[in-house]
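S.K.: Going down the list, the sequences are from chains B and R. Residues 1 to 110 (my numbering) make up the first sequence, in order. Residues 1 to 115 (my numbering) make up the second sequence, in order.
Hint data in this document are derived by calculation from the structure and do not stem from the laboratory. Warning: the hint list may mix true and false statements.
[Unchecked claim] Dumping the calculated BS3-like pairs for lysine-lysine here, alpha-carbon to alpha-carbon at most 27 Å:
1. B:LYS71 with B:LYS61
2. B:LYS58 with R:LYS9
3. R:LYS103 with B:LYS49
4. R:LYS14 with B:LYS49
5. R:LYS71 with B:LYS69
[To be verified] Beta-carbon label-pair distances, calculated as ranges:
6. B:GLU66 with R:LYS14: 44 to 50 Å
7. B:SER52 with R:GLU52: 35 to 41 Å
8. B:TYR39 with R:ALA2: 17 to 23 Å
9. B:GLY53 with R:LYS14: 49 to 55 Å
10. B:ALA16 with R:SER80: 51 to 57 Å
11. B:PRO79 with R:LYS14: 27 to 33 Å
C-beta: ideal position from N, C-alpha, C; glycine also.
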Amino acid sequence: AQSVSQHNHHVILSEAASLELGCNYSYGGTVNLFWYVQYPGQHLQLLLKYFSGDPLVKGIKGFEAEFIKSKFSFNLRKPSVQWSDTAEYFCAVSDGDMRFGAGTRLTVKP
Amino acid sequence: NAGVTQTPKFQVLKTGQSMTLQCAQDMNHNSMYWYRQDPGMGLRLIYYSASEGTTDKGEVPNGYNVSRLNKREFSLRLESAAPSQTSVYFCASSMQVQGNNEKLFFGSGTQLSVL
């Protein structure tokens, strides 16, 4: 089964800074890739997903992610973060079931 | 449209007690999942069911059993609760379309404490 690694445990940024959160997975076959966000006190919401086609995927709230097959990576980016982006971000990989990374806590300072 | 309904929301057990967490979805999804969420460890898959009548172990199945009662319902049972099972449990469901696993819809979670 696949595993998912998120290397950044806690990221602290100032508003308007650019964001990139790393996600790597171990499975070599065809996978579906996801980024979810969990705001404080809420359950997970889907930011974006990749199944096939254009490896640059755009999601909600200005987020995007790039699938690089050769690197087994699916990094999340946002050009300019806002205070309201403070949340925990989870990368997930599916090849039948759905496995999550350990999450990255993002704190955006106003 | 209720989505994914999960009960109870809170539960306190003593070590050795048993309990069943209930989950039901009304979206006609074929896949259902049970996760536990612990600080710093993200969501870890306990069991999942790709379709009615099938269940498979996830990353952390020990100490748990599941039943896919029908397409709507997927229950998680702790036969003999241990303090290590103190966690927040989430049920989720999704639809598989043309081999792709669409996004997960989550229940509101069960906060379980085992004393």
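S.K.: Give a verdict on every hint.
M.R.: Against the structure, the hints:
1. Of the pairs offered as hints, the one joining LYS71 of chain B and LYS61 of chain B holds, with about 26 Å between alpha carbons and a cut-off of 27 Å not exceeded.
2. A distance of roughly 34 Å separates the Cα atoms of LYS58 of chain B and LYS9 of chain R; the hinted pair therefore is violated under the 27 Å criterion.
3. Taking the CA atoms of LYS103 of chain R and LYS49 of chain B, the gap is about 8 Å. The hint holds against a cut of 27 Å.
4. With a CA separation close to 40 Å, the supplied pair LYS14 of chain R and LYS49 of chain B exceeds the 27 Å bound.
5. Taking the CA atoms of LYS71 of chain R and LYS69 of chain B, the gap is near 35 Å; set against the 27 Å cutoff, the hint is violated.
6. Taking 44 to 50 Å as the suggested C-beta distance range, the pair GLU66 of chain B and LYS14 of chain R conforms, at roughly 49 Å.
7. At about 27 Å, the beta-carbon gap between SER52 of chain B and GLU52 of chain R misses the expected band of 35 to 41 Å.
8. Under the hint 17 to 23 Å, the C-beta atoms of TYR39 of chain B and ALA2 of chain R, about 21 Å apart, fit the expected range.
9. A hinted range of 49 to 55 Å for the beta carbons of GLY53 of chain B and LYS14 of chain R is consistent with their spacing of about 52 Å.
10. Distance hint check: the CB atoms of ALA16 of chain B and SER80 of chain R are about 52 Å apart, consistent with the given range 51 to 57 Å.
11. Between PRO79 of chain B and LYS14 of chain R the beta carbons are some 51 Å apart, a value that contradicts the proposed interval 27 to 33 Å.
Going through the hint list in order, the structure does not satisfy hints 2, 4, 5, 7 and 11.
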